[in-house]
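Residue strings, one per chain:
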Amino acid sequence: MQKKMSYSFPNEVLEHIFSFIQSDKDRNAVSLVCKSWYEIERWCRRKIFVGNCYAVSPGMVIRRFPEVRSVELKGKPHFADFNLVPDGWGGYVLPWIAEMAGAYPWLEEIRLKRMVVTDESLELIAKSFKNFKVLVLSTCEGFSTDGLAAIAASCKNLRELNLQESDVDDLSGHWLSHFPETYTSLVSLNVSCLVSDEVSLSALERLVGRCPNLRTLRLNRAVPLDKIANILRCAPQLVEFGTGTYAAELRPDVFSNVFSNLAGAFSNCKELRSLSGFWDVVPAYLPAIYSVCSGLTSLNLSYATIQSPDLIKLVSHCPSLQRLLVLDYIEDGGLEALASSCKDLQELRVFPSDPFAVEPNVSLTEQGLVTISLGCPKLQSVLYFCRRMSNAALVTIAQNRPNLTRFRLCIIEPKTADYLSLEPLDVGFGAIVEQCKDLRRLSLSGLLTDRVFEYIGTYAKKLEMLSVAFAGDSDLGLHHVLSGCESLRKLEIRDCPFGDKALLANAAKLETMRSLWMSSCSVSFRACKLLGQKMPRVNVEVIEEREPPDSRPESCPVDKLYIYRSVAGPRFDMPPFVWTMDEDSALRLS
Amino acid sequence: MSAATAKTKKIVLRADDNHEFEVDEAIAMEFGTVRTFFEDNPDATEEPIPLLNVSSKCLSTIIEYCKSHLAFRARDSSSSVEDEAKAYDVELVKALDNESLKEMILAANYLNMKDLLDMLNQAVADRIKNKSVEYVRRFFGIENDYSPEEEAEVRAQNEWAFEGVDPDDD
Chain P
1 MQKKMSYSFP NEVLEHIFSF IQSDKDRNAV SLVCKSWYEI ERWCRRKIFV
51 GNCYAVSPGM VIRRFPEVRS VELKGKPHFA DFNLVPDGWG GYVLPWIAEM
101 AGAYPWLEEI RLKRMVVTDE SLELIAKSFK NFKVLVLSTC EGFSTDGLAA
151 IAASCKNLRE LNLQESDVDD LSGHWLSHFP ETYTSLVSLN VSCLVSDEVS
201 LSALERLVGR CPNLRTLRLN RAVPLDKIAN ILRCAPQLVE FGTGTYAAEL
251 RPDVFSNVFS NLAGAFSNCK ELRSLSGFWD VVPAYLPAIY SVCSGLTSLN
301 LSYATIQSPD LIKLVSHCPS LQRLLVLDYI EDGGLEALAS SCKDLQELRV
351 FPSDPFAVEP NVSLTEQGLV TISLGCPKLQ SVLYFCRRMS NAALVTIAQN
401 RPNLTRFRLC IIEPKTADYL SLEPLDVGFG AIVEQCKDLR RLSLSGLLTD
451 RVFEYIGTYA KKLEMLSVAF AGDSDLGLHH VLSGCESLRK LEIRDCPFGD
501 KALLANAAKL ETMRSLWMSS CSVSFRACKL LGQKMPRVNV EVIEEREPPD
551 SRPESCPVDK LYIYRSVAGP RFDMPPFVWT MDEDSALRLS
Chain G
1 MSAATAKTKK IVLRADDNHE FEVDEAIAME FGTVRTFFED NPDATEEPIP
51 LLNVSSKCLS TIIEYCKSHL AFRARDSSSS VEDEAKAYDV ELVKALDNES
101 LKEMILAANY LNMKDLLDML NQAVADRIKN KSVEYVRRFF GIENDYSPEE
151 EAEVRAQNEW AFEGVDPDDD
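Just so you know, the protein sequences line up as chains P and G, in that order. Okay, so the first sequence: first residue is 1 according to the working numbering, each after it adds one. Okay, so the second sequence: first residue is 1 according to the working numbering, each after it adds one.
The set of hints was computed from the structure by calculation and includes no laboratory data. Model, not experiment: these values are computed from the prediction. It cannot be assumed that every hint is accurate.
When the alpha-carbon atoms are kept at most 27 Å apart in a straight line, the in silico DSSO-like pairs for lysine-lysine are as follows [said to hold, decoys possible]:
no.	chain 1	residue 1	chain 2	residue 2
1	G	K94	P	K47
2	P	K462	G	K129
3	P	K378	P	K437
4	P	K509	G	K86
5	G	K86	G	K57
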């Protein structure tokens, strides 16, 4: 008979065990085992991720986790990227920084996405955290290079400064000079979003030259091509590099000089795996990168306005490519070349060169994507803008690539039918969700009826995020998704005929999701109020820029609706055009 | 003491069931508590050292662990020897059922053996990763002392506020 002992693990042993448990999911499980474990775990959690900054308050975070070193926050809903969220909506980081400044003097990392960051916030960060190491501002706004200067001047241990696609008021390039001459710890710098023509090249070169651990450097457009060689020579150890403008003169005397200098500098960079930038590409200069192409795993050509033949030449030099971002100039022919050269391709994003053109300006069709799906066995993630699609193509893609986890198809003209059969694309997307059993992310487009949502509700059991626009016939469509998609966390919908019924019938579902966005749909103000009453732990926010929702009959549909679960209750920083439907609102507003 | 006896000096370790294990001094010195004891009592080499909280089963496994790692270290510090040592650890852990693993952790903690404890704690962490709360409770033999309301509140906070990193989904 085995003697089963009752083990009393000392706290320090438990803490040691917990130090090997990093994922939030596992740490959350640990915290639920019993109250003493909750206590031990909360004191040693070092990293938190808050997917919706309004789901919890900074005070609650700090009270529970007093020793955090790394914070990640996300603010505005994804549709803010398409200008659907009005300015002033919210997502301010200052209240968080202000509270963390007092509570987390040893905070090392802040990562923000779609938040409003001010120079004041940046100055507060610079002042408050003595061991600050990582600042990532992804698709953020509200700050200027003055704020960056404060960070540069004060954060002696800064490793990473990444401004990924943020909207920065670029007042001057001189902020870079605020990094003291004694500062040498930079590992990653991404300033590709800075728009001013001014850039302090000498400060940049000196900075790059004195930081031996620099691995990632993404420059902005203002950095001229003839300066790149010098910069690269200062940092041959770079792994990820983004050029500035990739154009220079073609006059023979200039060209041969710049080209050989550039090619020589690139050939020194034996560790280079990722390239980006390439604004204003002059194709004659492209071969300067050929020496590094065989090792490239990631290539971002989404600003490179070069045509298919040049693109084909380039990608055929890159057999190790895993990730490619490119404009639709690549065309079906280029995608065919890609499919035969790049067997390790995992992620492909094809962006539209001229989304507003009425007629197609390039020969990129559904065929390109079909070819890729056939030729690239490791393909998992797709973002594809095109002008036509067919069910047959989608079915083929689904059958070729059941290992897809992310599929975003953007047929540019809303409600475009299958160009061969003129039917809706329900069956095609149905095949995608049925075959691709691990699909986590899906974006729909084209002509779609409620049928496609029935397929999605039936098959897309691992789907976490769904984007829908100009689709469906009735509430049944929304009902299928809300009742069927077990793993759904984020749902964003625009311009669909979805109304009150499905939403109210599936109200409980809203507590199992992070958020729901609906704009230009048919949800009435009355339903919003009812929802707010019925679901007190879910914030129901109505966005109405034209006039207050209660100035009209309550059967009128609201313009925009953002619903999210929260343990912090309704927020108090709403602008005048956002109304929150809390429990009392039904009484207050009637 | 002659050079001959110094070389093969043995120390006797006694487990909690009074079973005695004679080991080379080098092995015994791998045990943090034993090493400390000798630093404080340099003359007490004849008596068996009682290890009150360690079973014979654990003690014999730990002695084997020390012997093997001492041998690995004596060879060299090349990466291939490191790999062998790691492989040894993996096998050792694999052979331990959950109860034995827990017992070993408590023993390694009591004996103040850092490397072994690191290794065992990582192993137990791996065994409870990706498991339900109920599983973890059963694994450690812990009673849930949350009331249903308290538990629901923590769950809500965990899942709604601290749900876990997004895969990059834009």
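Hint check results:
1. G:K94 - P:K47: violated, 30 Å
2. P:K462 - G:K129: holds, 20 Å
3. P:K378 - P:K437: holds, 15 Å
4. P:K509 - G:K86: violated, 47 Å
5. G:K86 - G:K57: Since the Cα atoms of G:K86 and G:K57 sit roughly 22 Å apart, the hinted pair holds (cutoff 27 Å).
Comparing the model with each earlier hint shows violations of hints 1, 4; every other hint is respected.
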